[in-house]
Amino acid sequence: MALGKAGFTRNDVIISLGGGATTDLAGFVAATWLRGIRVVHVPTTLLAMVDAAVGGKTGINTSEGKNLVGAIYSPAAVICDMNFLDSQSHDDYIGGLAEVIKCGFIRDETILNLIESDMLGAQSPGWVHAPEVIARAIQVKADVVGGDLRETLGTSTGREILNYGHTFGHAVERIENYTWRHGNAVSVGMMFVAHLSQLAGRLDEDTVNRHKGILSGVGLPVTYSRATFDQLHDAMRIDKKSRGSKLRFIVLEQVGKPAILEAPDAALLIAAHGKLGQGEEHA
Numbered sequence: 014m015a016l017g018k019a020g021f022t023r024n025d026v027i028i029s030l031g032g033g034a035t036t037d038l039a040g041f042v043a044a045t046w047l048r049g050i051r052v053v054h055v056p057t058t059l060l061a062m063v064d065a066a067v068g069g070k071t072g073i074n075t076s077e078g079k080n081l082v083g084a085i086y087s088p089a090a091v092i093c094d095m096n097f098l099d100s101q102s103h104d105d106y107i108g109g110l111a112e113v114i115k116c117g118f119i120r121d122e123t124i125l126n127l128i129e130s131d132m133l134g135a136q137s138p139g140w141v142h143a144p145e146v147i148a149r150a151i152q153v154k155a156d157v158v159g160g161d162l163r164e165t166l167g168t169s170t171g172r173e174i175l176n177y178g179h180t181f182g183h184a185v186e187r188i189e190n191y192t193w194r195h196g197n198a199v200s201v202g203m204m205f206v207a208h209l210s211q212l213a214g215r216l217d218e219d220t221v222n223r224h225k226g227i228l229s230g231v232g233l234p235v236t237y238s239r240a241t242f243d244q245l246h247d248a249m250r251i252d253k254k255s256r257g258s259k260l261r262f263i264v265l266e267q268v269g270k271p272a273i274l275e276a277p278d279a280a281l282l283i284a285a286h287g288k289l290g291q292g293e294e295h296a
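Numbered by the numbering used here, the letters in the sequence shown go through residues 14 to 296 in order.
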């Protein structure tokens, strides 16, 4: 009710300054106050710059699942200042790299090539190529969202491809009671779906290994064994991409060529989960 007390009208603007939780909250408030007022996002974290602040999705986590409550509402502007990234902790910055790497696998291989050329440097916002890979990741999301704002296409070119690694990743976040960084959960989610893609005959082993090399090379987790398959399966069924009782996954056929895999056999899911079980996880 603070907006009402402040006399906010449809001519006023909400400005968010912060990370993804801040941009999500501000976007949701802007979408619902007076059925929509303008919002400008000034993201201060890598994750917010390349993901949360771009594309108009706003979401609120609940005990039932991630992003089940929210709205799609495009901001009037998004202003990214790289200087803000110096205020992030190292671990939070690394978490944001997962979404950058995701954009490389689904659409822009140059992102992957640049990161592979200097794995250590890529872990710092001061890296010489940081502005380019961040701009490229933002452009990937903007291009995809521009053709399917409300995620209605349901095809391998629609907005749904931005959820690469997210079905499993969101399940991990829910099981871990949202104590895991989003990017870390997406990282193991990408490894899961890379294994699934290979097991389904969609993806070659070299590209699966490339996932592991890049993600682990910048300090992201590539294993997860803290939950049983049944626990993860139940959590994945709550995913917003599901159709009835059928799970849907964004898989990869090659770098830059995502596809949709609907209702995969349980044996494939169990096998993909099994491949994640070796190593030490970290949030």
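Simulated from the structure, these hints should not be mistaken for lab results.
Treat each hint with caution, since some may be false.
[Claimed, not checked] Simulated crosslink set (DSS-like; lysine-lysine; CA at most 25 Å straight-line):
(1) 288 / 270
(2) 259 / 288
(3) 225 / 288
(4) 259 / 270
(5) 225 / 270
Outcome of the hint check:
1. 288 / 270: holds, 23 Å
2. 259 / 288: holds, 22 Å
3. 225 / 288: Holds: residue 225 and residue 288 sit about 12 Å apart, inside 25 Å.
4. 259 / 270: holds, 23 Å
5. 225 / 270: Between residue 225 and residue 270 the Cα gap is close to 18 Å, so the pair holds against 25 Å.
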